[in-house]
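**Q** Spelled out from the first residue to the last, the chains are:
Protein chains: 2
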Amino acid sequence: MQAYASMTKEQLQEEEAKLRRIYKEYQDKGLKLDMSRGKPSAEQLDLTMDLLNAVDKETVMSAENGLDVRNYGGLDGIPEAKRLLAGMMDAKPEQVIVCGNSSLNIMYDTVARGMIFGYLGETPWCKLDKVKFLCPVPGYDRHFAVTEHFGIEMINVPMSEDGPDMDMVEDLVSEDDAIKGIWCVPKYSNPQGVVYSDETVRRMANLKPAAKDFRIFWDNAYAVHHLYGAENGQILNILEECEKAGNPDMVFEFASTSKVSFAGGGIAGFAASPANLADAKKSMTIQTIGYDKVNQLRHAKYFKDFDGIMKHMEKHAALLRPRFELVLNTLEKELSGLDAGTWISPKGGYFITFEAVEGCATRIVELAKQAGVVLTPAGAPYPYGKDPKDSIIRIAPSYPTLEDLGLAAEVFTVCVKLATVEKYLEK
Amino acid sequence: MQAYASMTKEQLQEEEAKLRRIYKEYQDKGLKLDMSRGKPSAEQLDLTMDLLNAVDKETVMSAENGLDVRNYGGLDGIPEAKRLLAGMMDAKPEQVIVCGNSSLNIMYDTVARGMIFGYLGETPWCKLDKVKFLCPVPGYDRHFAVTEHFGIEMINVPMSEDGPDMDMVEDLVSEDDAIKGIWCVPKYSNPQGVVYSDETVRRMANLKPAAKDFRIFWDNAYAVHHLYGAENGQILNILEECEKAGNPDMVFEFASTSKVSFAGGGIAGFAASPANLADAKKSMTIQTIGYDKVNQLRHAKYFKDFDGIMKHMEKHAALLRPRFELVLNTLEKELSGLDAGTWISPKGGYFITFEAVEGCATRIVELAKQAGVVLTPAGAPYPYGKDPKDSIIRIAPSYPTLEDLGLAAEVFTVCVKLATVEKYLEK
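Residue numbers (the working numbering), protein chains in the order written: chain A, 1 to 427; chain B, 1 to 427.
Okay, chain A solo, but in the shape it has when bound (with noise of 0.2 Å):
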């Protein structure tokens, strides 16, 4: 195919005329696909159906230690709990706390405390003029909502193949003490499926920064989910590279079951220092008496323990992988030489990043709607929904059967030609 880039006007009028009967052919199908939600597809739910029967009315009700699951008590989670969640951390089980089914509310209720009552004695940031995160872009945008939320201002740090841009965030958060804050997801990132390398983490975990209560927000919601095998996804234990470096209190790390178990019905946890954990304690143990311990043993007993969740994990690999090289070897197919965008073939995660000619994913998104395919707003996985590119799109490949997914990656690619024709005509 020859690239757009070096068509002569003539040669654009004609392909954009040809694109459209093509684009007008999909709209006329009255299409409703969707590939905006990273969520998990039937099929994976079915994968844990076992789970349901793994604390039933015959069940022994204890915890390890003793506990009753289901009565009060054990605020902290059920020491397997701890086990298992720590295995998907890389935490030491006395480094994690076991919450309910939600990792993002972990999060939230970590930043409220800041916002409220402080980290470690330090003034709440309510408090203070100005608060300022670090967003790492493209990245989570329900990350993003929740600093927009609690009026934190954002400020982008663009991503490498190695994660963040290190020499900016060490030069922001040394000068800054307005900054509180980092958003990563160090490992298959939502949307670009990066993982951290090893200098990005040690040179995070080495920050100076002037806040005394910076604190780096470390979701690893991908930290079980390869697509390749776990070889393509190690990164470094955070927690213990900040040690190392003399801030162990630098970090909290989320993790949750999410899309593991059920996405409606996992459990979710953090790992933190000692200092970090009491810190947490004494508001929660004012916010609830416990969480679910009846789940967390049910999760328990179902996953035994890492290894277990591992080769469950190969089960979900198992479906996602014909979807996300179905999108992949589509965009291949259609766009490959074109000059009408880029993308990333991730090694695990949730999403496909494309990245369109500058100007064109706004346009692209519209499009698609307009012929029945639901994408990811463009701009969603910027702080404030503003991709100063507008270039970024998100795709979701998990959710939608294999059928759907095959029609919705063609129209995609169609819908993006036509964008980039007619953005290479205005020029």
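No lab work stands behind these hints, which were simulated from the structure alone.
No false leads were slipped in.
Pairs involving identical chains hold if they fit within one copy or between any two copies, as the list cannot separate such chains.
List of simulated lysine-lysine pairs, PhoX-like, C-alpha gap at most 20 Å: (1) Lys57 x Lys301; (2) Lys130 x Lys212; (3) Lys57 x Lys315.
Everything numeric in this text was worked out from a predicted model, so none of it was measured.
Given the structure of chain A, go ahead and fit chain B onto it with the hints provided.
**A** Frame of chain A; chain B shown alone:
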């Protein structure tokens, strides 16, 4: 028995010597008994074991609205769970949001929203110099812990057998716009078991607070926790009464199945006006992608409807009644006519309130502790842990076995007598 008040000093000294001998005998037994915890017994938890089989690997995992409960979505709860909690709260299903397992956590989050974001566009409380809550006393220590944690000043309001002193409540809230809330347990109040009279509920709903963002925190914790039938625990519908009074947004009602199904694995929710629900959801949609809907479905399938809950609660009552009666009979037998304190026979809830002679509560709890019987700390049912008369002791009869409870109650009465005689001898 002769009342202590009418004894001569010599008689009192003789009584004291006798009581010290009895007390010493109990001490020598090396008892380890506990009447401090308002939590269900293992027998009660056993009542609900079939809940664990209500959802299993054969279950169709769709809610009534078609939502796959295993997946993300459904922020405000599945319809059948809303209906279940609506029944408990005497609310309409559309007035209800179902959350995780802990109603305390919902109350905490609700106060936190007032602090950080403000209700319905009002100034966030953290921006104000002073925020106050009214606290009917004696009351629930964990309510007071929440408000204390947020730095909210607490004002004691005396309880009568009809509920809080409404003259005082009306005067205070109409005069002082720093008063932003009142904690209420309207049915079988913690600890006294008071059921708010119709007049109290109506006056509450008709308050004319100086603060637009004043809210009644209506913790209907014992909504269905009758000991002698539902007819003893009828209260007016606060949501309806607030609507009638032109104050639809003035109340948040809370409830959970913690003492219906499992304290460590139930479901909880809240009910409020459309405006309050929409306002709460603005934060909730940032805070979480959704609560555990698998457990919501499990509860809905097991209990089916409000009648199912009411029938189940009769089984709880059958286990709890003998415990309450054992303690009450022991108090009657040992303390009647002694002028050593009074007590309330509740018709529901989880506690018996003992009102000692002024200045004796701390001493009684201390004596009991030294004899191996743990009681809720004196002062706990008051803000800041300070009982101005040092007279209220909360007895929790639910958790111990009947045998242990009988012994603990005997020890308790000896401690009451001894502390009272000591007190009379001081005078």
